[in-house]
Amino acid sequence: MIPEFLKIAGGTVYDPANGIDGEVRDLWMSGGKIVEAPSDFETRPARTIDAKGLVVMPGGVDMHCHIVGSKVNAARMMCPEHGEIIPSTTSTGLRYAGLGYTTAFDAAIAPLAARHAHEELVDTPCIDRGFFALMGNNHYIMRAIRQNEPDRLKAFVGWLLGASKGFAAKLVNPGGVENWKNRPEGNARDLETRVDHFEVTPGQILASVAWAADELRLPHPVHVHTLNLGLPGNWTTTLQTMKRLEGHRAHMAHIQFHSYDGGDGDESTFGSKVGPLVEYLNDHPNLTVDVGQIVFGPAIGMTADGPVGHFLGRLYGTKWYSNDIEQETGCGVAPIEYRNTTAVHAWQWAIGLEWFLLARDPWRIAMSTDHPNGGSFLAYPRIIKLLMDATFRKDALAALPAEVRERSVLRDLDRQYSLSEIAIITRAGPARMLGLTNKGHLGIGADADVTIYTPDPDPEVMFALPRYVIHRGRIVVEQGEIREATRGRTLHVAPDYDRGVEPDLQKWFESSYSIRWRNYPVEADTIGESEVVP
Amino acid sequence: MDPSRTVDDRRIWPDSVCTACGCLCDDIVVKVKGDRILEAQGACSIGEGHFLGNRRGDGPEAWIHGEPANFDEAVERAAILLAGASCPLVIGLQECTTEGHRAAVELAESIGGGLEVPGVSATILSLQSVGEVTCTLGEIQNRADFVLIWRADPVRTHPRLFSRHVLEPRSDFLPGGRNDRFLAVVDIRETTTLKEADLAIPMDEGAEVEALWLLRALVKGIAIEAEQIAGVALKDWQALVERFRAARYGAILYDGRSNGLSVRGIHSLVRELNERTRFVVMPLHSGGNGVGARNVLTWRTGLPGAVRFVEGQGPLSSDAGLPSATAADAVLVVSGNPMVMDNEPTTEVRRKIPRVLLTGNQEPHPQAAEVVIRTAAFGIETSGTVYRMDGVPLPLRAVVASRFPTVEAVLRSIEHRVRERRA
Amino acid sequence: MALLLRRTDESDLPIEVIGVRPDRLRGMPPAEIGRFPIRHGNRTVPLAEVFQIKGDPSDERIDFEGNLRNVHRIGAQMSAGRIVVDGCTGWHLAAQMSGGTIEVSGDAGDWVGAEMTNGHVSICGSVGDLVGASYPGSRRGMTNGTILVGGSAGAEIGRSMRRGTIAIGGACGDHAGLGMIAGTILVFGSCGRYPGAEMRRGTIGLFGGGPVPLLPTFRRAGRFRPQFLALIERELRRTGFAGVDWPSGKLDLYHGDLLSLGKGEIWTREGGGLA
Ligand code: SF4
Ligand SMILES: [Zn+2]
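Those protein sequences? They're chains A, B and C, same order as listed.
When the letters of the first sequence are read in order and numbered with numbering that gives the first Met the number 0, they come out as residues 0 to 533.
When the letters of the second sequence are read in order and numbered with numbering that gives the first Met the number 0, they come out as residues 0 to 422.
When the letters of the third sequence are read in order and numbered with numbering that gives the first Met the number 0, they come out as residues 0 to 274.
Please keep in mind that the hints were generated in silico from the structure rather than gathered at the bench.
Among the clues, some could well be false.
Unchecked claim - Mimicking EDC-like on lysine to aspartate or glutamate, the simulated pairs with C-alpha atoms at most 20 angstroms apart in a straight line are: (1) B:K219 x B:D235; (2) B:K32 x B:D7; (3) C:K262 x B:E224; (4) A:K242 x A:D189; (5) A:K506 x B:E167; (6) B:K194 x B:E204; (7) A:K384 x A:D457; (8) B:K351 x B:D328; (9) B:K194 x B:D144; (10) A:K506 x B:D14; (11) A:K51 x A:D455; (12) B:K194 x B:D235; (13) A:K506 x B:D171; (14) B:K194 x B:D179; (15) B:K219 x A:E184; (16) C:K53 x C:D8; (17) A:K32 x A:E528; (18) A:K506 x B:D26; (19) B:K351 x C:D11; (20) A:K272 x A:D360; (21) A:K393 x A:D413; (22) B:K351 x C:E9; (23) B:K219 x B:E271.
One chain only, chain A, in its complex shape (with noise of 0.2 angstroms):
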């Protein structure tokens, strides 16, 4: 059979992965993939998309974001006030098309309900997907380290991923959790804090993950959520876990959240601390940043950290919900409202927009708001304009509290994002971190996902209405309308680990888990289609 191709003619080509910034070029694919031109010059593409005067980037990639799940889930039921933040999977989807998003991953998910998480994967279109599964506060693994067997621990995080079909190792406030389920008040404060019951601490869960995930060479480092989230003079916490990760390669996500000077009891010390943090990444390329920039307005704190959901349900009077995951996990929701006449929310804003700003490598940062912690990923154009708008930036600075308006740094921060760099942090950056060879370039064998802006003075209005999306070569928006909602593929690993410590997992899964060991892994036909990243 002769394949059909699509071409994308003439459009100003962003493709930094391959050193392209604004050349203009041809696009030809096939297949669900970028090609060569066809050498023969008789063939003519089945359709050619004329993108004279257009900017043509690859799909959008977001690394981390709520999406799918029980948590998720349990937000829809108990927030339908928030239907606008937390959408049905449909929406979730076409939303992100229509954002030219074509891969998001959701950033926690406990492994007891991957099955749950993939179910929605599936029904979640226009997108590539998948999600990292919640391991920072998992029994075996601390008995693991506690009895000083990293290769069984080694060989576990390959059997979870595998059995739950995920893409990556989270830690989510390791130790911490734990503490949580197990006394009141209990968390875990500093890297040393004793995890009850199992004699290990949160320093010593990190380090042995990161090690494992580099160990079994998985495309993604170990997702780090480290302790403290969202309290004041956590930075001291970050900075630590940024050192105790050295040797490793490894992911802080929602970097912004753990940011903040203070926690002396007075609040006018409240601030920010990016500048040792930034200055800490910008020194170490083992380590990748996303920002969790907060917007103004309703969000919904959602988290696997559980007492942060108690944190938050108690700080703003609002509804909580929070379950307990056996073995595994906690997880927390809560609403909020984030207001910019109120100072520690005009802090957080300040906070993200530093990093951004403030990080040298854009390769090593990406776009996030933590969806929908900091707020929907539709406001992504709109974050978009204050990196390349310094003027927008500065005005929206001046209406926030003086405080934050006279301290925060970003009064004498005049960079600009080029076209160039937010093409890094919104697709080439977190796909190369994420370690999708396939995805946020468009090179020959990539992947198809190709977003086709109208360039705009304003890049709000650029970036919120694409004129065309393309996903695996199919169009799925054209003149800014949805045509297809395609169906996407799930993306997890399936790496090779020892399956000698097969009798002793399911001998203590069974004695500690409410359901049998046969019924925990997911079932490839559960997951619709999908494709395994080596």
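Assemble chains B and C with the ligands onto chain A, guided by the hints.
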């Protein structure tokens, strides 16, 4: 993946899921010979009844107006009925797997209808006003040193709950098992569960809310001037509160069918207890897959409970929408019940409305609806995902084959015919 | 001149007249009004398909007539003008309205004045549940305005209301004023169970006589002649809320709900409160 093995002339299915109550025990060893289930090892008597009571259905595959019909005719008739309605309603859905729920959402969308999973409205309303502090059953199994059963009789309704998850298990945290746990039971009558209690509080009927408000006040340290509440002396309530305080990880389990203010009261009490110690709440749901239905409906439409699809608009909430029961002009019921929904307050109204019934019951009533279509028996002849009462998803595997199609297959056939008619 | 909408058919299918409000239709040419889209069952149809249309809404008034029991959302979100209904209406009457007046000669269904922010609603007959209440998940019910009901009302009236007045001439169902933040609810008939549960502030007057079953988290504060009542009485009489037996003399006052802040007040006729 098929985990079954064959020994002599028997097929043995290990770790099968029993859907007869909300426990969804997933450790049942089912032995099958031909299409007959011989044994359901590990199941309680309710579970045994569920497995062993299954017989291969015989007779017609469908009825129209009480007359035997073939599948295609029945599907055609159902499609005409539903597509022609201005306000159709799809209801039930507790007895199918995720695939059935997905198909139901798509059918409802194609006919511009409403979609409703009956029951548990109080639990959802309370979630929407105060939230919920809950856990998976394994946390209770491993950690709960205090359990309060609030007006429920799980020993009878969820026979293996105590032995598998709530009372007996030993764990690293509670090595003494039952001896390390304290069981309190509050109820209005002598129940089997009440007899097992370390602290039993029989209270007056109809005074639940007063009792819960009192407990909440005592937990908060608010002085109450009363000698007795709900027929129970204040000091006895105080003794219960002392037990709350002494717990490291307490759990309150209540009947998932409860309604009214008491559910909100229980959820609030648990939330308030978390100011001092760890506490969780769990509604005890009945069998089937209502939990799954609500989950799928919620993720597919973004709206919990009840939705309706209106031309040119996305799904709309009908939790606070319209009096759908009286408004519908055609109803599709997906149910195991041969006579259609029991415990449905609006049944009488709905009886007058033309109905299509999909049922996996082996002896359906041919006149239960205008169109009756038989489906594979849920939990025995069907595979897919089911959700336990704590939200944990489990794989259901058909242990015997059915003569009849699955719910999802029927729904998709109807939808297909609806679309063909439209085109 | 008023715009007259007369329903002529008798079908039971739900009709939702979203947007059919004086402030919206004023100045619209008659043909456009006839084409105004409303919901009929699962379809969108022009207003003229369901209603006979006469007159015009130039003076910001719409009159509804005919079988309106299954006509829902009359006056929802209206911000100004007047709606007069001759008959009984469906659900969500005056929901989220922010101004203007609505008068109904018969009954109304659930959610009357739910989350309204201002305006005046009066209903001669009885109403369903959730008068002036918050919608599911939402933190606030009505935040201002007045809802007067001549007959009785169902459950959870004034749920999470923040301000405004609800007066019920007859009886009310369970949980009146559930989670109420502030505002006033007056009930002149008997009252269902647990009034004021989780109320923070606000006033509930239960004037039906007979015993009022209160939660144990309400505390008796004494017997007084309430100052506020005369004021409200004058105000409500002025708006035509008549035929009820206003209490004179002293009333019993209870404070609660102690679980929620305890600044709410429940007033009953002497000896009415039964804790
Ligand atoms: S306890 Fe429930 S799920 Fe378990 S075997 Fe008995 S009926 Fe089945
Ligand atoms: Zn996150």
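**Asked** For this structure, which hints from the list above don't hold up?
**Response** none
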